[in-house]
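Visitor: Based on these hints, arrange chain C on the given structure of chain U.
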Amino acid sequence: MIIRVGMADLKMAEAPAVLQTTLGSCIGIAIYEQPPGKTGGLAHIMLPVNNNGDPNTAKYADTAIAELIRKMTSRGISRSSLAAKIAGGAKMFDTGKKINYLLEIGLKNAEAVRERLNMEGIRLTAADTGRNYGRNVQFDIATGRMTIQSHGRETIVI
Amino acid sequence: MFIPAITDRQMNELRIIATKGGENANLAFSRWLKEKARLEVTDVSLIPFSDIVKTIGEGDKMVVSVLLRMTGDITGNTVLIFSEDSAGRLIEKMIKKTIIPSNPPLLKGGRGDLGDNGFDAVDRSIMEETGNIVVTAFLNSLVAHLDIAISSTPPVFIHDYAGAILEMAVMEYAPVADYALLFNTEFYEVNTKVDGYFFILPSPESLNILLEKIEGREGVKS
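As given, the protein sequences belong to chains U and C, one line each in that order. Position 97 of the first sequence, counted from 1, bears residue number 699 in my numbering, the numbering being contiguous throughout. Position 47 of the second sequence, counted from 1, bears residue number 478 in my numbering, the numbering being contiguous throughout.
For reference, chain U alone in the conformation it holds in the complex:
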């Protein structure tokens, strides 16, 4: 079963579910147990920090990561067994001169996610960020594998 995660959205599921999202400059953050267990989650964040206490926690790296941890531990999963994989953070317009106003958002998002995971003590086991193309991401909870497709490129599994 494939469960779709939209922009500024966060979903939890149980194996054998696969969590899917499509990313440009945003970051997909998958959280799972290591070794892989029954439960996992995927957030699609748009911005680094939730400064104004926006209740839409899934939109920001800091509050989305906190929410993913809370949802895992509230299911009785030990915090020390949590691990994360991330993808996205592209410079969607890295095509030259025409439009450059959005180039840095992806980079900042990726940095913020890494910092936050580190701060929360969550191991980042794999990442595929940057570059200049969109990513179609599928996270398989049962195996903890993240499959990343991009147009005209070979599919990678992290």
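Keep in mind the hints are simulated off the structure, nothing from the lab. Honestly, I wouldn't trust all of these hints.
Unchecked claim - Each computed DSS-like pair below joins lysine-lysine, with the alpha-carbon atoms no more than 25 Å apart:
{"id": "1", "chain 1": "C", "residue 1": "492", "chain 2": "C", "residue 2": "624"}
{"id": "2", "chain 1": "C", "residue 1": "465", "chain 2": "C", "residue 2": "624"}
{"id": "3", "chain 1": "U", "residue 1": "613", "chain 2": "C", "residue 2": "485"}
{"id": "4", "chain 1": "C", "residue 1": "485", "chain 2": "U", "residue 2": "693"}
{"id": "5", "chain 1": "C", "residue 1": "624", "chain 2": "C", "residue 2": "524"}
{"id": "6", "chain 1": "C", "residue 1": "451", "chain 2": "C", "residue 2": "467"}
{"id": "7", "chain 1": "U", "residue 1": "640", "chain 2": "U", "residue 2": "673"}
{"id": "8", "chain 1": "U", "residue 1": "613", "chain 2": "C", "residue 2": "644"}
{"id": "9", "chain 1": "U", "residue 1": "613", "chain 2": "U", "residue 2": "673"}
{"id": "10", "chain 1": "C", "residue 1": "465", "chain 2": "C", "residue 2": "644"}
{"id": "11", "chain 1": "U", "residue 1": "693", "chain 2": "C", "residue 2": "492"}
{"id": "12", "chain 1": "C", "residue 1": "624", "chain 2": "C", "residue 2": "485"}
Guide: Only chain C this time, still in chain U's reference frame:
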């Protein structure tokens, strides 16, 4: 969540103006295609970011898009999105040639090896020009009906996932908004529905200016 306050009356005015913009864009599009086409603004609505992708189907669908940025009194992004097939037919019509499928195998050194698999430099510029013509005609109509100045940046071609493209188009408004104002549009060439979508995404500040101008317009009428 930041939900912009738009009254029903303002929304109706927006729909009227959008319909006129659509008519103007339709004329320009038909002239460009050299045949009678139809481009209709089907709806104007506020849509939460999380639902934008659903308006065109699934986010993991590969699409061909042209993005232009609005500058002037109204800033924001405009995005024209076509399915690969529709874009291919449009290009074929314009230059009477067959398009190489966009999926690999990629022909080394040949057509399709020019930066974007399946769409070469000529194809890309045809799509960019299509975007330019449609968007400029729509914006000219807005300028004529509201007392504002808008221009647009050169068009940029992007061939990628629908979700990644739309995400990028709303991304810069994410710090101050959760909703985008969408002008949803349908295209037809002769009687065939083109799998195409036209999004106009004014920035949140511009949305206020647009609403003020609409109020002003109502004032003049009464």
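Visitor: Run every hint past the structure and note whether it holds.
Guide: So, going through the hints one by one against the coordinates:
no.: 1; hint: C/492 / C/624; result: holds (18 Å)
no.: 2; hint: C/465 / C/624; result: holds (17 Å)
no.: 3; hint: U/613 / C/485; result: holds (17 Å)
no.: 4; hint: C/485 / U/693; result: holds (23 Å)
no.: 5; hint: C/624 / C/524; result: holds (15 Å)
no.: 6; hint: C/451 / C/467; result: holds (17 Å)
no.: 7; hint: U/640 / U/673; result: holds (13 Å)
no.: 8; hint: U/613 / C/644; result: violated (41 Å)
no.: 9; hint: U/613 / U/673; result: holds (10 Å)
no.: 10; hint: C/465 / C/644; result: violated (35 Å)
no.: 11; hint: U/693 / C/492; result: holds (20 Å)
no.: 12; hint: C/624 / C/485; result: holds (19 Å)
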